[in-house]
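Asks: Line by line, the protein sequences give chains A and G.
Just so you know, we're using the numbering used here here: the first sequence kicks off at 33 and counts up by one.
Just so you know, we're using the numbering used here here: the second sequence kicks off at 33 and counts up by one.
Just so you know, the hints here were simulated from the structure itself, not pulled from any lab data.
Every value quoted in this text rests on a predicted model; they were computed, and no experiment measured them.
Be aware that one or more of the hints could be misleading.
[Unchecked claim] In the DSSO-like style, the derived pairs of lysine-lysine whose C-alpha atoms are separated by at most 27 Å in a straight line are: (1) K458(A) to K458(G); (2) K381(G) to K458(G); (3) K458(A) to K381(G); (4) K381(A) to K458(G); (5) K381(G) to K316(G); (6) K316(A) to K381(A); (7) K381(G) to K381(A).
[Unchecked claim] For the chain A half of the interface with chain G, some residues (derived, Cβ under 7 Å), not all of them: (8) R232; (9) D258; (10) P262; (11) Y331; (12) E332; (13) A334; (14) E338; (15) V340; (16) L368; (17) A370; (18) V371; (19) A373; (20) F374; (21) K381; (22) R385.
Just so you know, even glycine gets a beta-carbon here, dropped at the ideal spot from N, CA and C.
Protein chains: 2
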Amino acid sequence: MEDLPFTLTALREAYADGLRPEDVVREAFRRLDAVTDPGIFIHEAREAALAEARALGASAGLPLWGIPFAVKDNIDVTGMPTTAACPDFEYRAESDAFAVARLKAAGAICLGKTNLDQFATGLVGVRTPYPVPRNAVDPDIVPGGSSSGSAVAVAHGIVAFALGTDTAGSGRVPAALNNIVGLKPTLGALSSTGVVPACRTLDTISVFAFTVSDAWEVFEAAAAYDAADPYSRLLPAPVASPPPPAVRIAVPDAATLETFGDGVQADHFRATIARLQTGGAVVKEIDFEPFYAVARMLYEGAWLAERVVAVGDRLVEAPQTLHPTTRAILEPGLGLTAVDAFGGLYRLKELQRRCEELVQDADVICVPTIPTFVTMAEITADPIGANSQLGTYTNFVNLLDMCGIAVPAGTRTDGRPGSVTLLARKGRDALAAAVAAKVEDGLLGATGGSRPAASAKVSDVEADEIAVAVCG
Amino acid sequence: MEDLPFTLTALREAYADGLRPEDVVREAFRRLDAVTDPGIFIHEAREAALAEARALGASAGLPLWGIPFAVKDNIDVTGMPTTAACPDFEYRAESDAFAVARLKAAGAICLGKTNLDQFATGLVGVRTPYPVPRNAVDPDIVPGGSSSGSAVAVAHGIVAFALGTDTAGSGRVPAALNNIVGLKPTLGALSSTGVVPACRTLDTISVFAFTVSDAWEVFEAAAAYDAADPYSRLLPAPVASPPPPAVRIAVPDAATLETFGDGVQADHFRATIARLQTGGAVVKEIDFEPFYAVARMLYEGAWLAERVVAVGDRLVEAPQTLHPTTRAILEPGLGLTAVDAFGGLYRLKELQRRCEELVQDADVICVPTIPTFVTMAEITADPIGANSQLGTYTNFVNLLDMCGIAVPAGTRTDGRPGSVTLLARKGRDALAAAVAAKVEDGLLGATGGSRPAASAKVSDVEADEIAVAVCG
Numbered sequence: 033m034e035d036l037p038f039t040l041t042a043l044r045e046a047y048a049d050g051l052r053p054e055d056v057v058r059e060a061f062r063r064l065d066a067v068t069d070p071g072i073f074i075h076e077a078r079e080a081a082l083a084e085a086r087a088l089g090a091s092a093g094l095p096l097w098g099i100p101f102a103v104k105d106n107i108d109v110t111g112m113p114t115t116a117a118c119p120d121f122e123y124r125a126e127s128d129a130f131a132v133a134r135l136k137a138a139g140a141i142c143l144g145k146t147n148l149d150q151f152a153t154g155l156v157g158v159r160t161p162y163p164v165p166r167n168a169v170d171p172d173i174v175p176g177g178s179s180s181g182s183a184v185a186v187a188h189g190i191v192a193f194a195l196g197t198d199t200a201g202s203g204r205v206p207a208a209l210n211n212i213v214g215l216k217p218t219l220g221a222l223s224s225t226g227v228v229p230a231c232r233t234l235d236t237i238s239v240f241a242f243t244v245s246d247a248w249e250v251f252e253a254a255a256a257y258d259a260a261d262p263y264s265r266l267l268p269a270p271v272a273s274p275p276p277p278a279v280r281i282a283v284p285d286a287a288t289l290e291t292f293g294d295g296v297q298a299d300h301f302r303a304t305i306a307r308l309q310t311g312g313a314v315v316k317e318i319d320f321e322p323f324y325a326v327a328r329m330l331y332e333g334a335w336l337a338e339r340v341v342a343v344g345d346r347l348v349e350a351p352q353t354l355h356p357t358t359r360a361i362l363e364p365g366l367g368l369t370a371v372d373a374f375g376g377l378y379r380l381k382e383l384q385r386r387c388e389e390l391v392q393d394a395d396v397i398c399v400p401t402i403p404t405f406v407t408m409a410e411i412t413a414d415p416i417g418a419n420s421q422l423g424t425y426t427n428f429v430n431l432l433d434m435c436g437i438a439v440p441a442g443t444r445t446d447g448r449p450g451s452v453t454l455l456a457r458k459g460r461d462a463l464a465a466a467v468a469a470k471v472e473d474g475l476l477g478a479t480g481g482s483r484p485a486a487s488a489k490v491s492d493v494e495a496d497e498i499a500v501a502v503c504g
Numbered sequence: 033m034e035d036l037p038f039t040l041t042a043l044r045e046a047y048a049d050g051l052r053p054e055d056v057v058r059e060a061f062r063r064l065d066a067v068t069d070p071g072i073f074i075h076e077a078r079e080a081a082l083a084e085a086r087a088l089g090a091s092a093g094l095p096l097w098g099i100p101f102a103v104k105d106n107i108d109v110t111g112m113p114t115t116a117a118c119p120d121f122e123y124r125a126e127s128d129a130f131a132v133a134r135l136k137a138a139g140a141i142c143l144g145k146t147n148l149d150q151f152a153t154g155l156v157g158v159r160t161p162y163p164v165p166r167n168a169v170d171p172d173i174v175p176g177g178s179s180s181g182s183a184v185a186v187a188h189g190i191v192a193f194a195l196g197t198d199t200a201g202s203g204r205v206p207a208a209l210n211n212i213v214g215l216k217p218t219l220g221a222l223s224s225t226g227v228v229p230a231c232r233t234l235d236t237i238s239v240f241a242f243t244v245s246d247a248w249e250v251f252e253a254a255a256a257y258d259a260a261d262p263y264s265r266l267l268p269a270p271v272a273s274p275p276p277p278a279v280r281i282a283v284p285d286a287a288t289l290e291t292f293g294d295g296v297q298a299d300h301f302r303a304t305i306a307r308l309q310t311g312g313a314v315v316k317e318i319d320f321e322p323f324y325a326v327a328r329m330l331y332e333g334a335w336l337a338e339r340v341v342a343v344g345d346r347l348v349e350a351p352q353t354l355h356p357t358t359r360a361i362l363e364p365g366l367g368l369t370a371v372d373a374f375g376g377l378y379r380l381k382e383l384q385r386r387c388e389e390l391v392q393d394a395d396v397i398c399v400p401t402i403p404t405f406v407t408m409a410e411i412t413a414d415p416i417g418a419n420s421q422l423g424t425y426t427n428f429v430n431l432l433d434m435c436g437i438a439v440p441a442g443t444r445t446d447g448r449p450g451s452v453t454l455l456a457r458k459g460r461d462a463l464a465a466a467v468a469a470k471v472e473d474g475l476l477g478a479t480g481g482s483r484p485a486a487s488a489k490v491s492d493v494e495a496d497e498i499a500v501a502v503c504g
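Start from the sequences, fold in the hints, and give me the full structure.
Replies: Right under this line is the structure:
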């Protein structure tokens with residue numbers, strides 16, 4: 033039991049062999065206790081989870097029956113507090129977020145609420161008044177954020193999957209830093225009902241798991257149109273599909289590949305691209321500057337005002353209840369005018385056109401998930417600058433209405449986890465996932481467990497069996 | 033020649049009988065001189081138009097060969113001044129707007145630039161430092177705006193069509209007030225390159241003509257994707273199509289049909305709907321309040337800031353160069369914050385969802401184009417309030433990303449022109465036009481000429497000949 037990897041396949045096999053859901057819940061909390069990290073969960077639901085496990089009944093074909101999961105603490109779970117890592121903001125949720133309700137209905141068991149950069153503002157995971165979660169792979173580097181606790185919980189094998197949110201990269205950066213998969217769906221594919229907003233026009237729930245296949249299954253179970261969420265979109269139901277035989281991949285060219293001097297990261301990225309080419313991919317190098325220009329708009333431009341809207345009167349009336357870094361980031365948003373906002377929308381529209389032209393011949397874009405690593409010492413010395421670096425390859429994605437999936441791509445030569453992200457146009461989540469499954473490699477999170485052979489669910493389908501069913 | 037109606041069909045027949053384009057240009061300016069209204073054109077291009085006419089050569093199948101047209105003075109025409117009705121803003125255009133270039137390439141001849149509410153802000157046509165154009169049907173009522181000169185020029189038969197722009201209703205309200213057709217395409221169908229913006233996210237060029245068929249032909253010739261315009265959209269090329277046999281039409285219910293006490297207008301609208309029902313349409317009454325709520329956002333909400341962006345530093349640095357009413361409308365936009373702007377976007381998104389739900393079973397919406405008439409005396413007494421009334425059925429359309437066409441629907445019992453607008457989802461311009469062609473009725477503009485039988489181009493196609501080719 034202690035060696036049981038919390039992948040969907042392994043858990044299902046164990047259940048088939050007689051394991052009970054309450055055994056899994058107990059083992060999950062034993063693992064949590066064993067890592068002795070009080071920063072992972074803001075709220076642990078030990079008793080509630082055990083009660084849910086006992087009440088599950090027979091599996092009856094439920095796709096996530098008995099699967100333990102964690103929920104970022106800016107997403108509502110009935111009866112649990114929601115804090116967004118701001119204790120003064122805390123309220124007790126009276127109902128499940130739409131996506132959480134779907135996962136519970138599919139048989140999954142929620143173990144609690146995880147830590148985050150306050151109000152999901154940050155990519156480092158240290159901007160919290162609660163204890164900072166320790167990176168599961170290497171405690172000297174930041175855990176990553178804003179979905180810090182969710183990523184660390186998965187990386188330790190405490191849960192089989194966890195929900196994060198992703199506006200600027202909060203569902204991808206911590207995946208890279210903790211050696212797991214982070215799936216950031218197309219905006220509007222997962223309902224935002226019951227989610228504390230960060231930037232309402234750019235927010236989405238995201239999914240952390242050990243493997244592409246597991247993340248995809250969770251996404252399939254959670255995705256549905258929600259008439260009550262104005263930002264929910266009528267998209268085709270997600271259907272796994274194989275990549276095209278000679279998938280066309282755009283990558284940053286040599287002049288614009290940015291790793292802030294981290295040659296190991298650059299080498300690892302190039303080696304990963306070479307693997308994809310060996311597998312039949314057609315790679316095209318592109319000028320990445322327009323994407324960086326979009327990325328800079330997220331915190332330097334009008335969208336900062338969306339975060340101000342999300343925090344509300346607190347910023348003016350009770351600023352002392354905010355984390356000092358969060359407050360410092362948000363305050364300039366108060367001075368932005370509506371003229372600035374529309375100016376930003378126009379500038380974005382122009383850059384969108386340039387980016388579209390650069391990738392019009394590509395099926396997906398492949399980038400390093402992070403340009404380099406940030407240590408705890410570095411983020412303490414420079415709380416904002418070091419954070420910005422981490423968003424190099426993530427900040428532009430939601431502004432460009434793309435979907436993406438961060439995936440472990442084997443260990444770097446220095447032993448740190450390697451990660452790349454596959455990006456695709458809105459609605460092409462299945463395509464991004466299929467290419468990601470081709471490249472995923474290495475051990476499971478921080479557990480030392482071996483990666484299972486790729487699941488038929490995402491990548492072993494032959495190209496002539498299923499047509500690509502999800503389109504933009 | 034003096035009796036020749038400037039419809040496409042009549043002009044083509046006359047050309048086939050030996051008439052020359054320069055004869056038509058001379059006749060057009062003779063008609064302009066005859067109406068003795070110095071407010072219609074800001075720039076008359078008599079010599080340039082004659083030169084163009086002489087240089088046309090053989091028709092060679094050009095769809096608009098020898099067709100005279102006018103261009104609203106916020107759209108560039110090579111070599112002519114562009115003023116947006118602000119003399120201090122004037123510049124000489126070095127190239128044609130994208131849409132103008134397409135129309136010229138199709139053989140049309142531009143006679144000049146027409147008057148407008150300054151910076152296209154207004155629905156009345158009187159907010160101009162130039163002489164106010166007189167309404168072509170009745171000089172006691174306002175000409176309508178902002179595309180005042182374009183509508184009046186068509187209504188008098190001076191040109192066969194004219195370009196306007198339409199953000200809040202500037203391409204539809206003056207059509208209703210001057211008894212002509214006003215086609216407002218789906219946003220992004222006609223390029224905005226070479227157009228002075230009003231609200232960049234909501235602007236479109238529009239087309240005035242005597243008949244639905246003529247307006248449609250002009251739209252077909254002008255529409256094309258423009259990679260240089262970030263707001264241009266990849267839409268299927270417009271193709272005329274018949275309405276479905278039992279077209280489903282949503283109309284405001286009795287409680288929310290707003291005519292500001294004008295019972296004649298309400299009666300005319302109901303009679304028009306009854307005609308459509310007789311023709312096989314299935315009519316459903318809906319609560320129109322959510323549409324009015326959207327309409328109110330255009331001038332009371334964040335979008336005012338877009339108009340401030342469009343006017344630029346002028347509002348602060350040279351406010352005396354603005355029309356007093358325009359200035360009074362724009363100034364509050366300076367005080368709007370980015371938080372207001374995003375708050376407006378969120379509110380719109382919620383209202384969009386409610387509106388979509390109300391019309392999900394309908395093919396088109398039919399509304400009166402204007403709720404009632406505004407006299408010159410009334411607009412002088414209340415320059416802003418009377419203007420707002422005119423936008424009742426137009427202000428919400430671009431915010432909801434719909435297309436529409438205003439069409440004469442026969443004379444009201446008091447002799448004033450009756451007009452309804454058919455609205456449809458984005459991309460369904462052909463559907464709206466096909467229903468409009470079923471209802472168009474009455475004499476041509478202010479000319480006294482008879483409306484020709486509906487042209488095969490839009491409405492005489494049998495339902496089983498062509499499938500509806502343009503979809504949302």
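Asks: Against the structure, test the hints numbered earlier, and report the numbers of the ones violated in rising order.
Replies: 9, 11 and 12
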